[in-house]
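Protein chains in written order, with my numbering: chain A, 6 to 472; chain B, -15 to 989.
If you are wondering where the hints come from, they were derived from the structure by calculation, not from laboratory data.
Any given hint could turn out to be false.
[Claimed, not checked] Below 30 angstroms or equal to it, Euclidean Cα-Cα: the simulated DSBU-like pairs (lysine-lysine) are: (1) B:664 to A:422; (2) A:271 to B:969; (3) A:342 to A:124; (4) A:291 to A:211; (5) A:87 to B:664; (6) B:129 to B:764; (7) A:271 to A:228; (8) B:629 to B:644; (9) B:664 to A:415; (10) B:652 to A:228; (11) B:153 to B:128; (12) A:124 to A:85; (13) A:186 to B:129; (14) A:85 to B:643; (15) A:408 to A:422; (16) B:850 to A:211; (17) A:415 to B:91; (18) A:87 to A:422; (19) A:422 to A:85; (20) A:186 to B:850; (21) A:342 to B:850.
Given the structure is predicted, the values throughout are model-derived calculations rather than measurements.
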Amino acid sequence: MNRRAFLWQIGGGFGGLAMTHLLSTDVEATPRPEFNGGLHHPAKVKRIIQLFMTGGVSPMDTYDYKPVLEKLHGQELGPKEKPEGFTAAPGAIMKSPFSFKQHGESGRWVSSVFPHQAKWVDEMAFLMAMASKTNVHGPGTYMMNSGSLLPGFPCLGAWVSYGLGNLTDNLPTFVVMPDAKGLPYNQRGPFSAGFLPAVHQGTVIKTHTTNTVPDLFPHERFKFANPQADQEGLALLRSMNEVHAADRTEDARLASRIRSYELAAKMQLSAPEAFDLTRETQKTHKAYGLDNPVTEDFGRRCLLARRLCERGTRFVQVWSGPQGATGNWDNHASIPKELPPIAESVDKPIASLIEDLKSRGLFEDTLLIWTTEFGRTPFAQGGDGRDHNGGTFVTWLAGAGIKAGTSYGKSDDWGYKTAEGTTWCFDLHATILHLLGIDHEQLTFRQNGIDRRLTDVHGHVVQEILA
Amino acid sequence: MQRGPYPSATIAAIGIAVSCAITVTSKAADDNFFQDKVEPLLQEKCLTCHSHSDRQMEGGLTLDSRAGWATGGDRGPAIVPGDLVASLLIQAIRYEDPDLQMPPEEKLSDEEIAILVQWVQDGANDPRTITPLSHQPTDWWSLKKLSVPDVPGEGHPIDAFIDRELANKNLRANQSADRVTLIRRLYIDLHGFLPTPEEVRTFVDDSNPTAYASLIDRLLASPRYGERWARHWLDVVHFADTHGCEHDDKRDYAWRYRDYVIDRLNADVTWGQFIREQLAPDVFYPESPQHMAGLGFVAAGPLELSRAQTAPVSFDYLDRDDMVTQTMAAFTSTTANCARCHSHKFDPISQEDYYALQAVFAGIGKGDIEFDSSAEVMQRRQDLERLVSAADALNADVLLQPKYENLVRQWTADQPSRRITWQTLSPDVFVSTGGATLTKQEDGSILASGALPDQENYTVTSEIPLERLSALRLEVFPDESLPKNGPGRAENGNLHLSEVALQWFSKGGDAPTALAIRQASADFNQEGWTAGQAIDGDQRSGWAIFPNVGHSHHIVFELETPIDVTHGGSLAVTLKQLNPPKHIIGRFRLSVTDAEGASAQTLPADVIAGLEKPSERRTRLEATAIAAFALREYAQQQLVVLPPKEIVYAVSSSWSHAKKLPSPQQPKVVHLLRRGAFDKPVREVGPGALSAIDWLPGRFEIPNPNQESQRRAALADWLSNHDNPLTWRSIVNRVWHYHFGRGLCDTPNDFGRMGSEPTHPELLDWLAVWFRDEADGSLKQLHRLILTSQTWQQSSRIRPNATAAVLAKEAANPNHRTLDEENRLLWRMHRQRMDADVFRDSVLRVTGRLDLTTGGPGIEQFTKEKGPQTTPEIDYSAYDWQSPGASRRSIYRVVWRGIPDPFMEALDFPDLGLLAPKRGHSVSALQSLSVFNNDFVLHSSQWFARRVAQEHDEVEAQVSRAVALAWLRTPSAREQIAFTDYTRKYGLAAFCRTLLNSNEFLFVD
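Bound-form chain B, shown alone:
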């Protein structure tokens, strides 16, 4: 970023008086000059603020390497070798610009300035080779090839690695947690809510040695597992149901990606396939269209709609920035986005790499995309669409195939009974509200002339010459008096029928009856102006016929219910022609029928001719025409009854700037931007990934670079590559993090030099390789491995059997823990606080109201009103907790990105404007107020009380049962007395409320 929009005016005035004492020197002399004069000066005066080692990087500028000053800081390159005028460093040390004076404390002496001036003038020779990046950039744990360490000992491999490190520190693993603690921990870990006392009892009583392993299997096999673990992934990819930002609009189909993640985790898709499905399902799994929902991954983050509309260039770069950031953080725990303005300061990610990653996503935009729900449906749809195309093309080879013979014969046989006779109306009254002159013609049609208003309503009233009325037909005819011969009065001969209204006046009746129209069909529809729009209630849309002007057309309206007209009466037909202006019907005629299934379809002449002959006497042309007509009708009917396409908010080449394009776009050109400035493109960059991992292709060879899906596929291949060192470490570390509350590497989204280093690097590698090769990328197998380790089953208590007095004493003198206060080596289990979702779902479970309905559109647990812009006003406190879906699992809540639920937020539900690889666990007075007073908890307290009261009559028993449900234990004698006493005074709901607020409920030992 630049400090000011204007270059300083002083630049031109300086730099003329340049010393040219030494113009040609040897390299050795240059090196000496640098080392003797320049480097000490830089060290003393500049590097305190401008170096990597101090992590200062004032203004983004580093002067500890050639790359540092050549790239420069906020204002651009600090030094341009040989060019004093362009070198900001020289300008700064000369104090020429009041806004740019370095060093800020005190100006350098004239002598010192002269040294730097000479150095820059002579080409700024910088022999320093040891820089944070050039010094073996990949010499960093996460970038090294995965090692396959030997398991150090017998037994469970995880325990072997953990025990070895503990032994090195003279520590010992803790004893196992008791069985109640264990099943509680396991339920929360795998399902995200508490077990019931009955489930606990069954497990505790099960003496079978395989009881624990079977419990794990059972929990992993339940759909609850996918719901719990999908939430983790949705955090990682900052998924929400709305755009966020200024126009925080709802994405009606974002939930399809949420369901996709749940389903795929439940199905235990392999990790490599999970990556491919989320980046390029269209390329890898064209035969499994349902995986297209995985593409919601790329669109999970926020969208700045306003920027898309008014600042398209910055929008493109920043929208893709979010995709790059998310993809690289989620799959490789890499902060690629740090290289947007300059090469990564700490990790070997060049600015070029970053823009290569942007180029991967250069051909797509976010929006709703459609896909079929299964391969069968997709196949069927394709077949039928091909049949329609063949019918349109009159392709005899397809249409006359034996497999269609029966269909065609059946259709032909049905024809006589389907012939529809229309009875032309002879209207008594016909009026124009727009002032046109309407004249009845000999053929019963009505011709308009005279005044041509912007808007027009024709109302025609007529008796019905039938006993039954089932449909109405409107014919429009060309006429010489009309522009372009009509049939419309618009300059181009077009017309727009906005809406049609039918009213029946029965003889002697008082008020007319409005007749509902089931469907409308026309012989021809203008693109975007179809028959259905004349009955959709929207006066802006309607039926039109351009460019097919100069011919007759007709539109047929089929009544919802045919009416009996035996007793007489009259039909009033109103033809509303409102939008756009002057698109008025020029000549028209109305007719009616009593036949069922009337439509606007008319048989072409050759079909009629063919039908009049016995089949064996038809010409091939006639047979083809009949087959085409019959099969088109069949295919269209079948297409309508196919399961509709599903929709997901995702990405495709048919979207750009949040707008659907008429045809797919070519990938946009991506430039490396100097200092990340949108208006400073340097050079074009093609798709690729990180070039530092030299055994993987850093730039993608794509035969046809315009085929954008190949770019995504190439990145998916790069990410899921067997030899990608980051991917496999990243996922096993993430899984470890969620099981233990802390990863082996404690920065799950950053394995770079600014992140943490793993506490057990060998274990991490062993797990990564085991997961990739032995478990074949199965997360469920990884869960089983971790959960069956003693390490995971340890007690979280410091001394599980010590008395309180002993513990208090030890806390004051924590000698045995000083070796590893933070428990990094896992000599016990970490105690975790329930996260917002677990708390909410657990509360619902103890109340007995947890609704385990799966999938589908999200539940809005708030009220919505119109807001000042498109984003609605949202009120969580006004939500009616009796509404359907109120007790669904938390993952099915609609998450409004910019207006999150304050209650969930108080319990550290993350701000999904950003990736959330870890949940917080704060404590505050406001949080306690929320847990104590929020409507959700208070309603739940009542539900909880009601449930317990239904199960037990006596207060003692009610109290005991409530404690059992919330704490999974029986109250002590003293507790029983105190709780019963309180309950008698204030009621069961009040007591349940304290249970839900208790630490024993909220924390997981």
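The following block holds chain A by itself, in its conformation from the complex:
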């Protein structure tokens, strides 16, 4: 009998249920050693860093080179009526204001806004024809995170935590680092565990404050909660709980709670070190752009992501840009004015992250994902901005299990819609789960009578980008 089955048996009703959830964050949870920690087949990836560009990155100004736009520039060829989810009626076709060049052996076209990432295109696999069901930020952000247009559904990180649990007791399993300027669209909705148990929620780290991990330590104003009192207090608590559990031995939850305080104490010991960037060299700080106000915030969070992954955090999500109309990728007003600064803020940190992950051997079992909620129109908005467009956009993946230097799918000549190899969030999620050794159809949770999946009733693994 495996441990989970045993606990089910002695759990008695709720005890069993609760224990399952606890175990999913336990080192002894269901991931199978013969599958390299996967659930259903061998895993290539153990941990994930996801970089999410808030606002909708313009594909034709970054990674999706569209020479046709240069010929059609200025012509009114778009829809005459405002499509659902556009914020305005489309203007004339607009070429990219940036120059494109081919890079690497793969010959990937990259615009001048990403000079640093361009050096690493041979490490990346591009999904060139991603599509979204919506042109509205909130639903689009939900969709790329949870597969649903509606609130309340668990995000990818929560599903991974639910499916695989943690790699270490020392750190939270699923960590989210929002932009210092604010939360993304839907506030904390995109990191919600939805109907999954609360333990799978993203732990939101405020890297720009002193109180990085919430409630890791008591606030210093509480003098009675000093380290000595805490240590002996936890021992006292343990003995209280053991006395209480002694004649309730059938209830596994009681033992779980006893253990949870031990895990909490371990986390207190380890987390501060993990978040302490002074332990990194000046050279590393510089490489991630911590010496430059433009790249400092995103760079710090990339560096933290690497440190957390190194120490066993399963899923780290780093956001670029807050919700709203400025300081993110939602460049309605002017592509030439608004895109370069936000692109610059992430470009060098991302390139350094790739280099760092590679040089430390973390690419052997870490997956790096760069994505956004949707693309932008090939039509101008209000001069030289671009409007929302779920028709086609770009995502890239790099690292473990990825066929480096490849791409899959194509947008049409304008970059308005996908032309071939359309990839939905379901396919992306299925592919990510696949790399983690999870069959996306088998990772389910019964909620209100429905066996919910991250991929709903959809999802195809994109084999073309897998090594």
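With chain A fixed as given, assemble chain B onto it according to the hints.
Same frame as chain A, now just chain B:
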């Protein structure tokens, strides 16, 4: 959903080479062909992934029934009989589209392809009759009519049903819990927090056999009951104080619905009425306007404001989707929303039913609605408003009624003393900042000419020819020199007075004094531009007179406090005219008075004429005019002092896309959408509910379908129908769930085939019928019935009296429990963990700080700063726990849907983006960190310690008292020593903190 926005380009190129071997065949031959050739092929190659039985439904497509392939999956119908080109199945098996190749593993042989091609070409005859839905769709426990089973035995009916099932399994009910456990359990169940040691003592010492029953009665009669049980309902309907989603703005009046639920549960409203009040109070209870707050139910869920603005069609369908989902889940435990894209895969809910439910809500939008707080106030308001209308219409029949005679006589008598004399100012200085030329006229007015700037400030300075100054009047006059004769300089003769500022320069004084204005009134107000806006401090708003141009008007400003001007000085009046551009005053005059109660009201000529005569000599016209004037003034004064209308965030036909409409909308047309796609309307659908329950009306007959309230009323009738099998089962199961921690059916929001089946179906039916008929829908009676059962009073302990050693042995060899490990048959009570709200309220109660103030706007237990968009940045950790309201019950917290309190979340407070019929009960290191270190718990530890220290001086006694409050028992000798020892070393607060973290505190035996 479709896989790609473009239809595949390859479709046109194929399908020409079609075999037409058999064009006309008999039905029998077709059936044979299907059974011999087609069905085995489908079975072998397709159904593994595309059938209901495997619950696979790859891409949403099922091929195990005609309905399955005709409806199709993500991409639409898989087969169009006789049309090879349009049949995606054919396209897929031919591997024509690289994105659509089926079966994915290996292409079918040419022979097999030919079979399917022929079948489709010939009309796709599909004789299969047994499908999950067509096979007696209502043959499912929850859809059957309620049965009235006999109670199997004597005694308490619940125990009789439970004991019978236990006996069938050779199990026995557990013994009763001890009295301390029982009262603790009961308090948490009914009030949501711990009892005090004193309350426990009273109960334990009460040897009266009715003590337990009276305790239940007492707890049910307390307002704390409604607060506890309202929280359950608010979870079920995913109520929060903000929209959620991108623009997660606060709904300032959502709390009124929360209070409504608390009040109605405390009042023990019958379940049928509760349903009606929450769906159509306007139709069912027009005489009880306060029930309008119940409509907050329909608006409880999230709102995608951004979608409302930029994607209105999808917004309408998805906003209504949330209403349908919530209403059907909450009242009937049905997942109607599963039929949005296709007919329900498991339950008899057609796609048509789903859109019929959408049509119920097609005439409303979410927003703030107003209602009167009581029938009396509403009646009074209506009467007064009628009186104003009668005055406006000079309706003599109403106005000259004897009942008003006294009012009119009194007003007439008061007139001479109310006459106000105005003293025209003769200003010495008058300037224009905009560069206009101002010229003084013979009548003392000032005429503007020359430059016409966008914005203008006139400042006029004058001495006051009175001893006292109480009000100022601004008159504006027409003039031939002005556009449309004025009195404004705007092209249409209008003017906008944005703000008025008054400053008094006393003679010899240094600095001027700003004079505050109490109120402003005008003889005429443009709609939306009223006198009050000239003194509201907002420079964008102001007073205007369009379309009533070409006439004189005046506006009167009454000072907050009249000033003494005997010693001389001068008044500077600044008239700011800022917005919109060029709406500048053309000709004006200022005058002042020393009279009290000045207003802009002027008496019409016939009133003045009438007043000059003795009453018996007035004409009927004059008498009517006087009465109209007097009664209008009276009614308006009375309206002002009536209790203001209350506001609730709810729904009404006057709202659409989160915007208030100038007039109520007609219900929008609802279409059945193919595959749920907003751009693929199939046909119009009228309001209705589930058609499978054939003894209830599945489609509503509504005489006037444009009267949207009738749609809601019809649904409320359908739901609360005596013979609706779902409604009564749903609510008794929910109540059972909250009492036991698990429902008789363990999926309280889903009684369908994907949900659980009840462990005790007969008991569930018996309870449903008893609740409906015997208890008349009273929840309190249902609580009493359940709580007085032995089943509920059982101990949760496996062997309450066994020693630890015996239990350990049994745990290793749990033979007696293998019969029912999960305790589904209730041979003992489930042990429950406190939920987030119970934990928080119980902590506050032991600290002695629980604030039992009821109702009102929610308490924000966080700090707010400006965020990147309209949603503020919220910081729970910066909250000042000394703020007023910090210790209110948890239900009064403001729940920010998209930014919930991390502490409450750690204890499984649900994500209210979704319906939450059950609370989770997770355990994790992060949760323990929260309970150990969160500010709330640490403050509470200090408060707890302070309270105990105030009650006792000795450390031993303090420890003992703290244990009594938290655990409701005295510490053992060993505990007393260990606890005292720790407390001496680290202080009482540190010890209290461990108590609040303990399992003995957190779990409910």
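Report task. Starting from residue 129 (chain B), check that the Cα of residue 764 (chain B) is at most 30 angstroms away, please. Result -> 25 angstroms, holds
**Report entry** 30 angstroms Cα cutoff - pair residue 408 (chain A), residue 422 (chain A)
**Finding:** Roughly 25 angstroms separates the two Cα atoms, so the pair holds.
Requested in this report: Take a quick look at whether residue 186 (chain A) and residue 129 (chain B) sit within 30 angstroms of each other, Cα to Cα.
Outcome: Not OK: residue 186 (chain A) and residue 129 (chain B) at ~58 angstroms, beyond 30 angstroms, violated.
Query - Straight-line alpha-carbon gap residue 652 (chain B) to residue 228 (chain A), limit 30 angstroms - result: 62 angstroms, violated
Report task. Below or equal to 30 angstroms on CA atoms is what counts here, so check residue 87 (chain A) against residue 664 (chain B). Result -> OK: residue 87 (chain A) and residue 664 (chain B) at ~18 angstroms, within 30 angstroms.
Requested in this report: For the pair we were handed, residue 271 (chain A) and residue 228 (chain A), check the Cα-Cα distance against 30 angstroms.
Outcome: Since the Cα atoms of residue 271 (chain A) and residue 228 (chain A) sit roughly 22 angstroms apart, the hinted pair holds (cutoff 30 angstroms).
Query raised in the report: Is it true that the CA of residue 415 (chain A) sits at most 30 angstroms from the CA of residue 91 (chain B)?
Result: 25 angstroms, holds
Requested in this report: Could you grab the alpha-carbon distance between residue 629 (chain B) and residue 644 (chain B) and see if it respects the 30 angstroms cut-off?
Outcome: 17 angstroms, holds
Query - Restraint check for residue 342 (chain A) with residue 850 (chain B), where alpha carbons must lie at most 30 angstroms apart - result: Within the cut-off at roughly 25 angstroms; holds.
Query - Restraint status (C-alpha distance of residue 153 (chain B) to residue 128 (chain B) at most 30 angstroms) - result: 27 angstroms, holds
Query raised in the report: Quick one, are residue 85 (chain A) and residue 643 (chain B) close enough, alpha carbons at most 30 angstroms?
Result: 26 angstroms, holds
Query raised in the report: Are the Cα atoms of residue 664 (chain B) and residue 415 (chain A) separated by 30 angstroms or less?
Result: Within the cut-off at roughly 26 angstroms; holds.
Consistency with the previously given hints fails for numbers 10, 12 and 13, ordered from lowest to highest.
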